[in-house]
Amino acid sequence: MTEVKSPETAAPPAAVPSELTEEPGRWHRVRPYLPLVALVVALILPYSTLHLPGIFEGALNSPGTLQLLAVCLVFGGLAAGYDLLFGRTGMLSFGHALYFAAGVYGTDILITHAGLPLWQAAPLAIVGGTILAGLIGAVALRTVGIAFAMVTLAFAQVGAILVARDFGGLTGGEEGLPLDVSGVPAGLVGVANTVNLYWLALAYLVVVVFVVHRVSGSPTGRVLAGLRDDERRIGVLGLDPYRFKLVAFTLAGGLAAAGGVVYCLIVGGASPHITSSELTLSLLVMVVLGGPGTRWGPVLGGILYMYLDHRLVSVGSSGAVDALPGFLSRPLSQPLFVLGTVFILAVYFFPGGLAGLASRVALLRDSLRLGSRRQS
Amino acid sequence: MPGSRTGQSQSGDDSATEPILTVEELSVRIAGLHILQGVSFTVAPTGVTVLLGRNGVGKTTTLRAVVGLTPRNGEVGGAVRMGAEDLLTRPTHRLVRGGLGYVPEDRCVFAGLTVAENLRLAERRGSTPAYDRVYALFPELDRRSRQRAGSLSGGQQQMLAIGRVLINDNRLLLVDEPTKGLAPKVVTEVAEVLQRVAESVPVLLVEQNLAVVRRLARDAVVLDAGRVAWTGDAKRLLSEAALTKSLLGVGSAEVQH
Amino acid sequence: MLATRGLTWRIGEVAIVDSVAIDLAPGEFLGVIGPNGAGKTSLFNLITGLRRATEGQVTLDGQDISALPPYRRARLGLGRTFQASSVFGSLSVRENVRLAVQAHRGGSMKLWRRAAADREVAAAADAALHRVGLTHRGTALAGTLAHGEKRKLEIALLLAGEPRVMLLDEPMAGVSAEDVPDLVQVIRSLTGDSGRSVLMVEHHMDVILELADRIAVMHHGALLACDTPETVMANPTVQEAYLGEEL
Amino acid sequence: MDAIILLTLTGLGLAALYFLVASGLSLVFGLADVLNFAHGLFLGVGAYATWWAAGNLPGAGPDGLGFVVAVAFGVAAGTLMAVLVELVLIRPLYSRTIEQVLVTVGLSLAGVALLQATWGADARPFPRPEWTRQVTPILGAQVPNGGLLLIVAATLVLGAILAFLRWTRYGLIIRAGVENREMVTALGIDVRKAFTLVFAIGGAAAALAGALGSVYFGTVSPQQGGSLLIFAFIVVVIGGMGSVVGSAYAAVAVGLLQQFVNYYGTSGLGDICVVALLAVVLLLRPQGIAGKVATA
Amino acid sequence: GSPQNTASGGGDSAAPVKVGLVYSQSGALASYGKQYIEGFRAGLDFATGGTNKVGDRAIEITEVDDAGDPAKAVSAAKDLIGKGSKIIAGSTASGVALQVAPIAAQNQVLFISGPAATDAVTGANKYTFRSGRQSYQDVVTAKSFIGDPTGKKVVVFAQDGAFGDANEAAVRAVIGGAGANVSAVRAPASATEFTPFASQIKSAKPDLLFVAWAGTTAPAMWQTLDQQGVLTSTTVVTGLDIRASWPTFGAAGSKISFLSHYFDGASDTEAAKAAKAKIPGGTLDLFHPDGFAAAQMVVRAAQEGGDDVEKMISALEGWSFEGVKGTMTIRAEDHALLQPMYQASLTGSGDTFTATAQKALAGDETAPPVQAMKG
Ligand SMILES: Nc1ncnc2c1ncn2[C@@H]1O[C@H](COP(=O)(O)OP(=O)(O)OP(=O)(O)O)[C@@H](O)[C@H]1O
Ligand SMILES: Nc1ncnc2c1ncn2[C@@H]1O[C@H](COP(=O)(O)OP(=O)(O)OP(=O)(O)O)[C@@H](O)[C@H]1O
Ligand SMILES: [Mg+2]
Ligand SMILES: [Mg+2]
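Residue numbers (my numbering), protein chains in the order written: chain A, 1 to 376; chain B, 1 to 257; chain C, 1 to 247; chain D, 1 to 296; chain E, 1 to 375.
Accuracy of the hints is not assured; some may be wrong.
Just a few of them, taken from the derived set where beta-carbon distance is under 7 Å, the chain A residues facing chain D [as the list claims (entries may be wrong)]: (1) Val151; (2) Gln157; (3) Val158; (4) Val347; (5) Leu357.
A few chain A residues that face chain D, going by a derived Cβ cut-off under 7 Å, partial list only [what the hints assert, rightly or not]: (6) Leu141; (7) Thr143; (8) Ala147; (9) Ile161; (10) Tyr307; (11) Leu308; (12) Arg311; (13) Pro331; (14) Phe343.
Since the hints were made in silico from the structure, they are not lab data. Heads up, the beta-carbon is just placed ideally off N, CA and C, and yes, glycines get one too.
For reference, chain A alone in the conformation it holds in the complex:
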């Protein structure tokens, strides 16, 4: 063969898009309703005074818990959107943080500096983020594989530098830009209204999951899945790989920008943390932790990651850790140490991510059943 292997080195572990397969099995009937159940649980959560010691600091409906959950939900949605690129199309972007940051800073700047009300700032930020993704994608998609990853990283890095440079005092540099809440509806301001932010985040997550699900199960989604395996083949079938990749890239960018808007409201401002390549890397971690290319994996991964990221900080400073001998307590009081260790372990013990867990359990169950049948 004269065709040299395409340099696409970093295709994610294969998973058949569940949207494209009609799966048989006993769960068949129940399964479509499980997400609905989860949604209902999520909806009634703020009405519960249940206290889960160790899991959350306060009761489920306390502002602290709701705030934490809201952040988790946004990242669940963000990870699901990123998965559209990575898990479903096989594009390894290292610059996804940029579009998220565009949403956050866009909203913040439009409200705080330009004095626009939220209902104008939010759509503008989302459209802006989407256009940015489209433009950068149009350039970056001329490369593939690691080169693509690096070009996206480079663009994101420029974004990070611009934010840090704080041109015209627009971004607030490394100190960030607190949101001027006078442009925000009163219902989204103040601790007592945290629940509204929670609902906003939940709505965002639902929208993203729905969009990603719809798109993956659509004819376009089928092409994206094909792109992940063999781009050349797609071309020979008569489809322009570039166009499809650009669509996926832009769409994912738009979803990230929308997430940025929600995040900006939840956190009440923007800070340069979110422009860093580490954010993109953690998105990658979330997706892989959850299971790339699966419907719920990235969502769960995102939620879990963010939960750990926030909660480990308080575990680290808890009395239980302090009581341990020094050589244990010192590393354990470093949240990043625990987080890093957790996901090294996760990579080993949940290959295929959390979503892979279910099928592995099913496999186990099947083989057990098979074994017992053989015995009888």
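Given chain A, put chains B, C, D and E with the ligands in place with the hints provided.
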């Protein structure tokens, strides 16, 4: 179905000599699929033993299990012995260093390396590489020694894959569809090469080209759906029309070419 | 229908494909043979646009397509299979074919439609699978297929696109003897009276002889001969350079 | 005039630092196909081990031979760390590129946090010979000796890696192994050993970079490795993955560009120029300056 | 339950006073955070006479790590407010302080910012106070090194970003406003090679060089300035960082004039003695006074205000107290904390350096201009 179909172990005239390779109840599961379900056969210490069967019956899987290349998510059961040593417990590179040569189905030349580098890689410590042997068989490889293997034509890659194994002296060769994609002339040449090689080294061959099989094979093992369907004399298999038809699904006219 | 004029592809000084001119009439079946490394696959790559020719043109129905990217050529009705099977490994066999059908029928850029709901696509895909005899493998991941099965899937992908000109690169390589006749049947049915043309590289001479109307012989990148099977087989150069002595 | 000489020489010193960091990264990334985000950690381990040795190891110290011993200890520690990482974490994940990336990301988070837990977040003064703090006047420019030391070290490392790749079979084995590990095994080669070796060399180069970089900075801190890593990545990619020579060219380009733009342009422009250079190179030549396949 | 549940303040008089401390226990600023909390504990002990009680109400401290990340800090603050804390203190990083301040205002709780030096906290809103110094006070101290600035040439060398911007602006306002000719050399915070900047500075021949540089590259920066002869050719002023950083100045240390917020031995007040006795190790450092003052302010607020935040604010506004550094005054207009600042010099070598106070400037000498309260 003819009575000789099942579990017949050894055939041929010189069955007195010990087999070089004994495969016993080999079973392979990959990702929950039971691909080989108790395959047993032996390879005679001289000549070519051919492994036949339709696409997907498990020929490649068998060879790969013998050299220890079953994928990570697979389980292997049964026993594979070369002389007295058990092969299944040893890592692939040890087996190969011990004289087990393997030519994979899809050639697997290193696309980024030049032809010469591909060959150099195959050199084994402690034995002199037989470049002249390889270049005599495939002068093309000598001529293209600085070309990247990835840009070779399909046939050239196949030559390289075979040449890579012949650089060393082996105790047993496992060759998976060596003539696939080769021009008729080269097929003849490769068949000749294998014939010559088989004079000194026993070969376990997977081959679809029945003309080649007819020319080379002494013993035959026919697989069907992960089980051995027949073992015996290759000549007999190819000459008895009923047998050929039932096991290989082709009339003997086609075998005659 | 398909024609090339002075098609040349050079790497450095070496001409891998050397001013090749072929004409493929509607409904014609042209076999391509030649020693390994003669440039057959390269020729296919030039025709389908995976490689850019250094010189020369490719025309389809009189239209110059030399400058078009692969996907545009495919849309004009040019389909091909690959010598090294190139299927979508992480999709199921059925999905593979559906993707090909869908690519052909258009409407791939529909983000909001349910793909699985398109019964026509599914039916066409199943028909293609049936024709190559892979129906029973429909749910397997294409990446886990045995070699011969992948070859058949390649052909199914081609069939699904209903191309007018088909380029087959060694479809029989690695296919078990038992299945060769079936596959020959499938390939034969590709042309029939439909007016489709086929360009097929194959080293199995019996297959070529059975199917081809004419045979083109390539050697060192150039077209050595292009004539009826009988004439070509009688050509002493072909005998010597390609066929060698009978096994 | 002397400004230009000064900028050129210090730019080369910076380039040497980038190259030292990038060489190991490039080797591991290009040959073993592992995008090693933990490289910064190896750097940190090398630096802290050297720092520790200079204060505690008998025979080692901040000056003369003692310093050489300390650096040797640091390099040994970095090598050992890299070998352990390869054996325990990377080896089980070969051919699962993404998971490898993640494990190295996890490792760098955890490892840097561990360094911080052990020695604190603050920068500590790094033991170093007195002459490294001085300057050498060259054509009227006061060139820091630390920079010259880096240039010498980088040249030696470049030579050593090239010799390794050219004169041993390992280069070949590793390049083949990246393409198809299984097939290398099937040729009778224990490919695992070769990969461990690559990691060991990468770790050693990183540790050396960490130690000499700390000499140059005058301090050692847990985050130091990470901040150099981004430029090292850029250098590796511009140079062409896996090409050590390419990395050397790229390092020089990046170092000089940064230095001159920072002097003549406005601040911060240097970084943006480097990123722009990366984007331009990748768009024009996605395989980098020296391309993916190179023997050296 | 209801979806809008927030714990009510707990009006009954014996209920503990809930105080939330959100600061960096991990991350890059962990060591600043550590000093802050040590100082806070000592201050609490000092201000309550060892009882940790205000009247009969215990002071209940909840500490939360923000790891320097504003998002985490905001979550933590909301959680604390939700659980009934009326007082939040901490903020090691400026970014955290700026984002927590509006949260405090939105929820009408008291916020006492900690070591965060950004000027923007001053006058941010009426709920926000500060227990540490601000950049402006640093710069005024720097100005005291050159006597009459009229006609003098001053160069600011600062890193890019808000920290550098703030310093440059302050120098322009304070020293430039007093008649000096101010120019700036800025460098990216990520720079590792400083020769170009050193050359630029040298060719500018300033009378005073003001350096605002934080982070791990500082030692390399100083070494380069030293090697290129900048330190010996002019007066170089910079802020004195925490003790652990002193050895990293190396030989350059003795050639620099330091302005200092605080170091051990800079003052000898009652509070300083008490703090010294109480903190682990017995050596005070840069941010101990901030924690100490925060505790004093918390106690004052609780004592005078009970659970009424408005009352707390009026109790603090204009309040003058004896802190570790000496007399501190909370300016009523914008909540700036007027406090003594120091000129210092550094001597020593290897790992042992000592700082000596050259001069102390009283709180009103370094007072920043009054800001209009923003919210
Ligand atoms: N990694 C794998 N995962 C799942 N199934 C596999 C895997 N490898 C092989 N199989 C299945 O095992 C069966 C046997 O495959 P094998 O490659 O051994 O067949 P073969 O006899 O060599 O066929 P061919 O003549 O086409 O090369 C096939 O059905 C194939 O789909
Ligand atoms: N990128 C390349 N660089 C150098 N030589 C190349 C390149 N691509 C192809 N070649 C050479 O061009 C020639 C033609 O290759 P091609 O694959 O077209 O042959 P083929 O006729 O298809 O052979 P086969 O029947 O073996 O498949 C071969 O000699 C090959 O080595
Ligand atoms: Mg096979
Ligand atoms: Mg070919």
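Each hint, compared with the structure:
1. Val151: 5 Å, holds
2. Gln157: At about 5 Å, which falls below the 7 Å cut-off, the nearest Cβ of chain D leaves the hint on A:Gln157 intact, so it holds.
3. Val158: 5 Å, holds
4. Val347: 5 Å, holds
5. Leu357: Since chain D brings no Cβ nearer than about 16 Å to A:Leu357, farther than 7 Å, the hint is violated.
6. Leu141: 10 Å, violated
7. Thr143: OK, holds: A:Thr143 within 7 Å of chain D, min 4 Å.
8. Ala147: Because about 4 Å separates A:Ala147 from the closest Cβ in chain D, which is inside the 7 Å limit, the hint holds.
9. Ile161: 6 Å, holds
10. Tyr307: Violated, because the Cβ-Cβ distance from A:Tyr307 to chain D comes to roughly 16 Å (cut-off 7 Å).
11. Leu308: 12 Å, violated
12. Arg311: 16 Å, violated
13. Pro331: 5 Å, holds
14. Phe343: The hint holds - A:Phe343 has a Cβ within 7 Å of chain D, the shortest such distance being about 4 Å.
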